[in-house]
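**Student:** Kindly generate the complete structure, drawing on both the sequences and the hints.
Residues per chain are reported as follows:
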Amino acid sequence: MISYTDVLVLTGILFAVAIYGIVSRRNGITFIISAEIILNAALINFVAASSAFNSYDGASYALLTLVIAVLETVAIIGMLIVLGKRTNSVSLNKLRNFRG
Amino acid sequence: MIQILGLLVLPLIGVVALLVNRLMCLGARDENIVLYTALATTALLFIGMFVGFQPFSVMLVPQVDFAFSFQLNGLSLPFMLLATVLPILGLWSAVKEIKEKRNLFYLLYMLSYLSLIAVFMSSNLISLFVFWEIVLVAFFFIIAFWGEEERRGRASMKFLIFTQFGSLTMLGAFILMFVYTGSFNLFTIQSLISQVPQTISYVIFIFILIAAIIKMPIFPLHSWLPDAHVTAPTTGSVLLAGVLLKLGGYIFLLFGVTLLPNIAHNLMVPLILLGVFTVIYSTLVASAQKDLKRLVAYSSIFYMGLVFIGSATVSNAGINGAVLLMVSHGFIVGMLFVLAGLLKEKTGTRDITKVGGLAEKMPTYAMFFVFAVLATLGVPGLSNFPGELLVFLGAYSVYAIALVSLVGVLIATNYYLYAVKAVLFGALKKTAQKFSDISTMDAVQLGAFSVFIISIGILPSLITNLVGVTI
Amino acid sequence: MSVLNSEYVLIAGVLLLIVLDIFRNRLNSGRKDIIQYATLAILVLAFAVEIMFGDFDIPFFSTMQYSQFVNGFILFLAIAIYSFLLADSRKHSTFIEFLFILAVLGAMLVVISSNFISLLIAIEMISLASYGLVFFQKSNANLEGAMKYVSISFLSMVILIFGISLVYGGTGTLSFGATYTVNYLPFIAGLSLVMVGLAFKSTIVPFHMWAPDVYEASNGAVTAFLSSISKAAGLIAMVRVFFFAFPASSAFVSDMFIILAIATIFFATFLATVQERIKRLLAYSSIAQAGFAFIGIALLNYSGVSAAIFYIFSFAVADALVFLAYKVFEDAKIVYKKDASKMWAVSKVGVVCLFIGVLSLTGFPPTIGFFGKLLIFSALLSNGYVYLVVSLFVILLFSTFFYFALLRDMNPMENYKSNAKRTTSIRIKEAILIALTLALFFGVVFVTF
Amino acid sequence: MLDLILLPMLAAFLLIVVIGEKLARSYAIAIAGCAISLGMATYLFVANFNSTTVDSFNWMSISGSNFLLSLTGTNLSLGFSVLVSFISLMVLVFSVFYMRGEPQVRYYSQMSIFIFSMLGLVLSGSTLLFYIFWELVGVSSYLLIGFWYKKETAAAAGKKALIMTRIGDMAFLAAIIVLFLSTGTFSISSTIQAIPYLPSSIVLLTGALILIAAMSKSAQFPFYTWLPDAMEGPTPVSALLHSATMVAAGAYLLVVTVPLMSAAGLGPVIISIAMITAFIAIMLALHEKQIKRILAYSTIESLAFMFIAVGTLNAGGAMFYLFSHAVFKSLLFLVSGVLTTLFGVYDIYLLRARKLTGSWLMWPAFIGLASLAGLPPFMSMFAHVALAANFNLYENLAFLGIDFFTALFSFRLFFVVFNKGRGARLESEMADAFPIILLSAIAVAGGALAFYFNSIIQTTLSFGPFSLLSVVASVAGAYIAYALFYQNRSTSILKYFVGAASRLAEHGYDSIIKAVGDAVVRLGVMVSELDDRLSRAFELGADYSLALSADSRPIQTGSANSYIIAIIIGMIAVMAVAAAFV
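Going line by line, the protein sequences match chains A, B, C and D.
All the letters of the first sequence, read from the start, carry residue numbers 1 to 100 under this note's numbering.
All the letters of the second sequence, read from the start, carry residue numbers 1 to 471 under this note's numbering.
All the letters of the third sequence, read from the start, carry residue numbers 1 to 449 under this note's numbering.
All the letters of the fourth sequence, read from the start, carry residue numbers 1 to 582 under this note's numbering.
One thing to keep in mind: the hints can contain errors.
[Unchecked claim] Cut-off 25 Å, straight-line C-alpha distance, at most; resulting in silico cross-link-like pairs (DMTMM-like, lysine to aspartate or glutamate):
#: 1; chain 1: C; residue 1: 338; chain 2: B; residue 2: 150
#: 2; chain 1: B; residue 1: 429; chain 2: D; residue 2: 102
#: 3; chain 1: B; residue 1: 421; chain 2: D; residue 2: 551
#: 4; chain 1: B; residue 1: 429; chain 2: D; residue 2: 152
#: 5; chain 1: D; residue 1: 150; chain 2: B; residue 2: 437
#: 6; chain 1: B; residue 1: 99; chain 2: C; residue 2: 57
#: 7; chain 1: D; residue 1: 151; chain 2: B; residue 2: 437
#: 8; chain 1: B; residue 1: 101; chain 2: C; residue 2: 339
#: 9; chain 1: C; residue 1: 337; chain 2: B; residue 2: 149
#: 10; chain 1: C; residue 1: 338; chain 2: D; residue 2: 551
#: 11; chain 1: B; residue 1: 354; chain 2: D; residue 2: 532
#: 12; chain 1: B; residue 1: 361; chain 2: D; residue 2: 152
#: 13; chain 1: C; residue 1: 338; chain 2: D; residue 2: 543
#: 14; chain 1: B; residue 1: 354; chain 2: D; residue 2: 529
#: 15; chain 1: B; residue 1: 344; chain 2: D; residue 2: 152
#: 16; chain 1: B; residue 1: 421; chain 2: D; residue 2: 152
#: 17; chain 1: D; residue 1: 150; chain 2: B; residue 2: 291
Just so you know, these hints were derived from the structure itself, not from any lab.
**Tutor:** So, in structure tokens, the structure goes:
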């Protein structure tokens, strides 16, 4: 039997992995993938908590957040496409005109 | 009875007239608008002094107890006299000196005129603060736009930052009063001040003290003053030293000494010692100055040090002396700044070591110069003397060491006489052959200052009768 | 009565706009005017409904005593910003209209949402719409801003979602105000992650880093939106979560918030002092303003929060005003502080409005900026934070310094003549600016203690 | 009484404001004002003889305590005011001759203000009013001494006089404040009456402060150096200021406060200071060559006499000597004024070359200098006797020496100037001859007044052996002067002795004062540098924080990646703090 605490440990590890991915890579696509790992960890949390509390609220929340996350992902990928077209790169560090 | 609001409506009409004049391109002379409205205000003030004023109050924001309420408190009248009269006396210097953006200048001038009067008669602390800050902003721009080209950037900013810190601590004190008494009304606060816990009263007092120390100014927060005074145009200096510094003394007396006399009493000795130190320090610094305006600026720190000593004594004589000294110093320092401005105008420099023997070419100027210096040295019969006497009287009655500040008077005598000797006496320098004496209007302006100085000096009760606070 | 919610007006409005847009394309008229006027009408209608009826409780959304006021001023600002946008240029795609209404709707929903999920959805509405708004003119500058905004926003969103999931794991419910049993560890961890996720929108240091770049990269009107409505929504979300939902969540929230707020004020103020470009200066100042509002929220008591809400209102109006006013001058190629004196030749009204807006941001009376600071200080002092107030006084000196350095640089030059023509568009813009300026004076009636 | 003192002020006002430099004979107004004052003073003196009149005016009231200014007419004050206005009138008349071609309005208005102040001082019945006029006297003397402002030395002398006397003024002000707070009144008579009830420390403090005030005004050691310098002023000014009025005010103050001095036990201190002063003055007078400066030193010495009298609690003697000194010293100054205008030189040896012996001026000069030496039968001899009324043996002995040397230096002046050469004929006119002759007459015959002076103030004339001895000493001094200077015997011993003393006193002492002044200025420069540094410290603080801000700008790298990392760091920090709280 997997307890809720074990799930928390799992999602915590996932979160840490994702953070490492975000910090270590500059590529836009890698960034999206890492962020999606956090999202997945969150979804697992929702579902696990839902079963722990014996309610379906959590699962429905998971579905809702999934939709939102998809929208966000679409937006960021769209931006990356424009970026790729204009600069031939998907690095997040490409545009640095505004700073200081 | 005169509606007290009239004292604000008239300058407001002036402000509107200036705006209309500009926007509609009426072509009226701006300084005339200022002059006439200010004269009307002064006339109203003098009438009101005899027949009394009717208080005015309108609640604007009940949630924060923000009201435009104007009512005289025991300290208002002497300062209002200063605030209404001095800008008129200084106006002529502006007419000569301000060459560009005249409309804007007079607009700010009139706005600060209005606000200065309003500060002294506001009985609601928020409305007091509102007008206080308007004055500050107006003077920031007067220094920044019309000051001496090379230094105005730094000087104006220094002035703003220092005095703004004082304003903020003062605001902090006001808020604390509000938090513990539930009102921003001066008279309500006065009646409920005993509810404030002791530690909070100390915090309030310290906040007010910081504001006063900056505004007056007292060592160690005085360093904005010489820069601001030297940089500002003559009229600006006249008002800065004549009225703005007095704001510090006013709030210290109103919210420090008379509102929290117990705390003032507990802190009396360190405060008096601070005042004495300021007196000696500023006179010593002044003795090393070569720029006449800078010298006058430091000597005004000296006089404000005396005012501070008088206020800190928490005695009737000291407080009356402080008020009297502030009023008289307003006129005297105004006159000295006008004289310094004239020196620059006539000779092109204010460095006292570079001019000399001007008495020969400019006898009228010399007469007024000597007169003003004697007045500032506290010669009896002129206005500084009764104030100094009362301050020393108050100081001795509570803390005899305070009489050490008499040494400051001696040092002041030395450097002022040195300045007189350097500027007016001795042989006429060759470069000075072409200088002409001051014009009739200049003489009228200086004469007007002298009239006030002499009348207060001979009859100080004119001012002390206006003071209505007792400890 | 709940059908009269102003949010419904906006939703219906968006649907109507879509229909109209299709209809317009069918007729091949190509005229966008009708869409644009309809958008304005919808906003005005929503505003009217809001101030007449206020908000009503519906599932997932509940009103608080301040929500009518906040939604009212959000709509008021939306009207001002949108009309400015219209006066500026009408060539943009009609998507902007949809996005704008959706963004405003999102902001309004944030104010009344009573559940983490509805809050999340509302925030996402603002974010998604803002991406489009930032990418408004599709220039490279816009792209850079949008790219930074999107990536930071995306990260913050996933952190927020993760935090929400932990809070759910800790309490078993996501509804604000429900009774819950706390599993302490995931709850605290979740709450701090929620804090991080929300702090991005309200530009709290160190989550603010996108803000100056994006503000600078965007169109002036969009910057005005981001720095007023969007930021206000983020701060209100904080109030909602940490004051109303978990009133006694834990002691650390208050201390943490104060640290973050002080860091925000100090960092933003110091960086603002050394900026040469006016817009970037205003951007940093806007961040510092958020810090001041945040310090009121940090008190987590009634006086602090009501002070913070009024402060949010005061700086939102002032920020909208200064960014819109600056847009007028930006169009005349006045970018650097040292050129500020040329502003007079472009628009005198604009200069005066900018002047008053900056005074309000500095906290000079009698503008509402002063009353906002007054309330914040009063809340702090009545809770005994004397040293904090003194340190704020000191930092206010630095902010006074850079604001007034800007104002001083606006020194009118008498001989300079601009070749910018005075068009109707400029007159309309000036009218909008005047309206906002008046709000800076008359907004004081909304002060509550 | 108020109108009496206000008349000269009115004259000054008329001169400055109404008339200006237009009228050629503006002296008429000043003289008229002064003459009417004299008439009124005489009338009041006669009419109110032996009764006290008080004019009082409430200057201001501070919470119950009244600041009363009062003028009191007693025999003493009215008598003194007669003297002041009389001498002033003489000097003003003389000025018509002397100040021809100088700026008239400025001179006469300043003189009028001075006379106003002095009359006010004499008649003051309250310490406050006394102080007010005391300061006004100082200030108007500053203006008068620096009258020829184009001369650097004159301007410097005026400044020095005011600063030196202002030291005393401040002491006086402190004394008044202390007395007011201890007795609750400004009235002089009430204060004097209250002295026995005051704590001894207060009495000693105020006594010492008032003594300092009197010393600085009357140019006693260590303040005396301003007086010789003040000779840079026009001669009529010296005649007025340094005979009857300004410097005498210090002695008058002591006369008025004799009860305080005696209660404080300051008599021996006063006597020793005055003895030192007299000694220094004699040395310097013997050494000096400038006629006016010799007279100045003699003034210092005469003032020291008055101080000695006060020190022996003999107020009447001091007062009578003051009267007599006023007459003969103004006479001497007027004489020197005539000489110096006619010949344009101040050096007595240069004057000798003019062969003045036999001219009409020799007689007034002799009368004045013989008075100075205390020779009979002049008025001054009686004054000397009155002065010595309370002397003990040692004081009498010391005074014999002083008498001898006084005679020596005064007759040195006489015999050097009026030497063997004769024959110069001096023109004279009404304006200079009349005052000189009138004053000479009084100096000769005024001795008779000694017997009536008792009704003005308690005076004892006791002729004893020392009276005779002092006349003998004076005659001896005069003879030795004759021998040394008229017949040009060897003077080397004297020169050696006097030269050493004068170097010590003049250069040594003057340089100390100068060093003090320089030290103040140097301290000022130092403090002002400190102040600059303080001021710069604020600016530096601002600059550093701006530089710090500028340095921290690169934190905003502009790269989205670093922003993301910042968020991660922030998140970790938040969670760490949260963990610390859990």
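**Student:** State for each hint whether it applies.
**Tutor:** Cross-check of the supplied hints:
Among the hinted pairs, residue 338/C with residue 150/B is consistent with the structure: their alpha-carbon atoms are about 16 Å apart, no more than 25 Å. Between the alpha carbons of residue 429/B and residue 102/D the distance comes to roughly 21 Å, so the proposed pair stays at or under 25 Å and holds. The hinted pair formed by residue 421/B and residue 551/D fails the criterion: a straight-line CA distance of about 51 Å is larger than 25 Å. A distance of roughly 12 Å separates the Cα atoms of residue 429/B and residue 152/D; the hinted pair therefore holds under the 25 Å criterion.
Of the pairs offered as hints, the one joining residue 150/D and residue 437/B holds, with about 17 Å between alpha carbons and a cut-off of 25 Å not exceeded. Restraint check for residue 99/B and residue 57/C: not satisfied, since their Cα atoms lie roughly 64 Å apart, outside the 25 Å limit. For the given pair, residue 151/D sits about 21 Å from residue 437/B by alpha-carbon distance, which is consistent with the 25 Å threshold. Our distance criterion of 25 Å between C-alpha atoms is met by residue 101/B and residue 339/C, whose separation comes to about 19 Å.
Using a Cα cut-off of 25 Å, the hinted pair residue 337/C and residue 149/B holds, with the two alpha carbons roughly 19 Å apart. For the hint linking residue 338/C to residue 551/D, the alpha-carbon distance of about 21 Å falls within 25 Å, and the restraint holds. The hinted pair formed by residue 354/B and residue 532/D meets the criterion: a straight-line CA distance of about 22 Å does not exceed 25 Å. Restraint check for residue 361/B and residue 152/D: satisfied, since their Cα atoms lie roughly 16 Å apart, inside the 25 Å limit.
For the proposed pair residue 338/C and residue 543/D, the alpha carbon gap of about 19 Å is at most 25 Å, so the pair holds. Annotation: proposed proximity of residue 354/B to residue 529/D holds, straight-line Cα distance about 21 Å (limit 25 Å). At most 25 Å may separate the alpha-carbon atoms for a hinted pair to count; residue 344/B and residue 152/D meet this at roughly 23 Å. A distance of roughly 9 Å separates the Cα atoms of residue 421/B and residue 152/D; the hinted pair therefore holds under the 25 Å criterion.
For the given pair, residue 150/D sits about 22 Å from residue 291/B by alpha-carbon distance, which is consistent with the 25 Å threshold.
The structure fails to meet hints 3, 6 from the earlier list, while all remaining hints are met.
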